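Participant: Using the hints provided, position chains B and C relative to the given structure of chain A.
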Amino acid sequence: MAATRLFSTIVLCLLLLSSSTTAKKIPSRRREPCKQMVLYFHDIIYNGKNAKNATSAIVGAPAWGNKTILAGQNHFGNIVVFDDPITLDNNLHSNPVGRAQGFYLYDRKDYFTAWLGFSFFFNSTNWHRGTLTFAGADPLNKTRDISVIGGTGDFFMARGIATLMTDAVEGEVYFRLQVDIKLYECW
Amino acid sequence: MAATRLFSTIVLCLLLLSSSTTAKKIPSRRREPCKQMVLYFHDIIYNGKNAKNATSAIVGAPAWGNKTILAGQNHFGNIVVFDDPITLDNNLHSNPVGRAQGFYLYDRKDYFTAWLGFSFFFNSTNWHRGTLTFAGADPLNKTRDISVIGGTGDFFMARGIATLMTDAVEGEVYFRLQVDIKLYECW
Amino acid sequence: MAATRLFSTIVLCLLLLSSSTTAKKIPSRRREPCKQMVLYFHDIIYNGKNAKNATSAIVGAPAWGNKTILAGQNHFGNIVVFDDPITLDNNLHSNPVGRAQGFYLYDRKDYFTAWLGFSFFFNSTNWHRGTLTFAGADPLNKTRDISVIGGTGDFFMARGIATLMTDAVEGEVYFRLQVDIKLYECW
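Protein chains in written order, with the working numbering: chain A, 1 to 187; chain B, 1001 to 1187; chain C, 2001 to 2187.
Hints in this document: simulated from the structure, not taken from any laboratory. Note that the structure is a prediction, hence the values are computed from the model and not measured. Do not rely on the hints blindly, as some may be mistaken.
To be verified - Straight-line distance between alpha carbons at most 25 Å, and here's what the computed BS3-like set of lysine-lysine pairs gives: (1) B:1109 / C:2142; (2) A:182 / A:142; (3) B:1142 / B:1182; (4) A:52 / C:2109; (5) A:49 / C:2109; (6) A:182 / B:1049; (7) B:1049 / B:1142; (8) B:1109 / C:2182; (9) A:109 / A:35; (10) C:2182 / C:2035; (11) A:109 / A:142; (12) C:2035 / C:2109; (13) A:109 / B:1052; (14) A:109 / B:1142; (15) C:2182 / A:35; (16) C:2035 / B:1182.
Same shape as in the complex, but just chain A (with noise of 0.2 Å):
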C-alpha cells in the first residue's frame, strides 16, 4: 500500500513536472543569441563624378530633387540603391567578405529618418555561404535596432536583431555602419 501510494505520487509529481516545463517553454524563450558577429559595410554614394567607385545610386526622388545630389529637406523622398563591400573591421579596403545588397529611402521631413531593406550576401570559402535579410526603420539614433527577416545557406531559416551604428560619414558621398548581428532563432 505504501508502495502505491508511493507510485501516484511520483507519477503525480513527474506529470507536473513535466507539464509545467511544456507550459513554460513558449514563453520563456531565451534571449542570449544562438550566433552573433559584428560586421561592416561601407557606401560611396553616386554624385556625378565617382561613377568608378560608387556603390550606391539615388534612383527615385521626390519632385524638388534629382538623381546627383541628395535632396533638401533632410533627404525626405530619395531612394537609395546599393551594393556594398562588406569587412570583418572597419577598414573600407579590407577584403570583403560579401555584399550589402538592397536599398534604403529617407522617410522624413523635419529630420533623419530612413527605412532599409536589404540582404547580407556571403559567398566566400573561409567566412560563410548564404544570406541574412533585414528590414526595419532607422531613426538614424546612436545606436537601433532592425529586424533580420530570414536567412539561407548557413544562415538557414534564421532570426534575430541587427543593431546598427554609424561608424563614419565623410560628407554626403561615404558612411560606414557597423552591424552587430545577434540570431535568436537557429535551424
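Facilitator: Leaving out everything else, chains B and C in the frame of chain A:
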C-alpha cells in the same frame, strides 16, 4: 514482481505520454494572439501645394507619370515614401504614439493593388518603445491581411498578422488606415 | 529498500531523459519542409510599345537611365514594379492561380544582381487563398535561395525558403521564373 511490473507500466506510460506531447506540440500551435492592438495611421500625399502638411511623397513613377499627381492606370508604377503619424483613435489630430515609416507602391494597371513595406516606430514614454515591421500585398479589399515580419524593443522578435482597413479617403490626398495587429509570436 | 532505490533510479532516469529531450529540441528542428510547391511567374517589362501586355514597369532609374529601357551598367539602379501572373506550369497562357506582386531592383554595376520584395497573392477557389511574402538578394545564378518571410490565409504565419530559377528569357522584355517554395514553419 508485481511492483516491478507496475514500474515498467508507469515508465512506459510516461514515455508515451511525453513523446506524444512532443510530437503534437509542433503542428498544434495556437492561433490565439499573444498580443493584439488596434491603431490608425494617416497619410497626406504631397500634391505640389501642401508641402507643409504632407506626410508622404511620390518618389517613383512610370514613364507616363510624374511626381505631383498619382499616375493614370490605377497609379500603376507609383512608389510613395511616407512618414505618417500613428494614433490610438481615428482622429488625425490626436497625440501620435509613433510614426508609420516606409513605402507603398501601386502594382496593377487594371485595378488598384499595392505592395507595402514599412515599420511602426514607437518612442513613447506612456505607450511603447520599439518597432514592428510589416510587408505584404494589399489588394485594397475592404479588409486585407499583411505579415508582421519582425519586431524590436517592446516587440522583440514578434511575428504576426495585421489586418488593414481603409477607414477614410479624401480625394487623392488623404487616407487613413485602421490596423488590427495580432501577434502570434511573442518572446 | 531495494524498491525505493529502484524508484530513485527511475525518477532520475526520467528527469535526465526529459531534460535532454528538452535541450535537444531547439537545435534539432527538422529541415524537412512541412509544405512544398513549384510555381511559375511571368514578367513582361514595359518598353514603350507594349502597354497592353506589359505586367511590369521601370519606375526608378539612376541619373544615367530612363524608364523605357533598362539602364546600362547591368541595369544598376533600376527599380521595376510588377504584377505578374502565377501559373502551375511554365505556360504563360495557362490559367493563373494568383498574382506575383511587388518589386525588384538591380543593385550592381559590374554584373547582374537583384534584390526582390514581393508577395504571391492567391485568390482562387480551386487552388489556395492567402499570401506568401518573399524578400532577398538574387545573385542571378542558375538557382538561388530567397526567404519566405510571412504568410496569411491558407499560409498563416508561414516561413521558409524559395529557390528561384530563371526558366526562360526573351530579350529584355520577357522572363519566366520557376519558384520552388519549401515551407518549414506551418501553423
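Participant: None of the hints should be skipped; say for each whether it holds.
Facilitator: Results of checking the hints against the structure:
Only pairs whose Cα atoms come within 25 Å are accepted, and residue 1109 of chain B paired with residue 2142 of chain C is rejected, the gap being roughly 31 Å. Simply put, residue 182 of chain A and residue 142 of chain A have alpha-carbon atoms about 18 Å apart, close enough for the 25 Å limit, and the pair holds. Among the hinted pairs, residue 1142 of chain B with residue 1182 of chain B is consistent with the structure: their alpha-carbon atoms are about 18 Å apart, no more than 25 Å. Restraint check for residue 52 of chain A and residue 2109 of chain C: the C-alpha separation of about 9 Å stays at or below 25 Å, so the hint holds.
For a cut-off of 25 Å, the pair hint linking residue 49 of chain A to residue 2109 of chain C stands: about 15 Å separates their Cα positions. Note on residue 182 of chain A and residue 1049 of chain B: the hinted pairing is violated, with a Cα-Cα distance of about 45 Å set against a maximum of 25 Å. Of the pairs offered as hints, the one joining residue 1049 of chain B and residue 1142 of chain B is violated, with about 30 Å between alpha carbons and a cut-off of 25 Å exceeded. For the hint linking residue 1109 of chain B to residue 2182 of chain C, the alpha-carbon distance of about 31 Å lies beyond 25 Å, and the restraint is violated.
Pair hint residue 109 of chain A plus residue 35 of chain A does not hold up; C-alpha atoms about 37 Å apart against a cutoff of 25 Å. In summary, the hint linking residue 2182 of chain C to residue 2035 of chain C is supported, as the alpha carbons are separated by about 6 Å, within the 25 Å threshold. Using a Cα cut-off of 25 Å, the hinted pair residue 109 of chain A and residue 142 of chain A holds, with the two alpha carbons roughly 19 Å apart. Between residue 2035 of chain C and residue 2109 of chain C, the direct Cα distance comes to roughly 37 Å. Violation of the 25 Å bound is thereby established for this hinted pair.
Of the supplied pair hints, the one linking residue 109 of chain A and residue 1052 of chain B holds, its CA atoms being roughly 9 Å apart against a limit of 25 Å. Of the supplied pair hints, the one linking residue 109 of chain A and residue 1142 of chain B is violated, its CA atoms being roughly 31 Å apart against a limit of 25 Å. Between residue 2182 of chain C and residue 35 of chain A the alpha-carbon distance is near 24 Å, which keeps this suggested pair within the 25 Å criterion. Proposed proximity of residue 2035 of chain C and residue 1182 of chain B is supported: the alpha carbons are some 24 Å apart, at most 25 Å.
When held up to the earlier numbered hints, the structure conflicts with 1, 6, 7, 8, 9, 12, 14 and fits the remainder.
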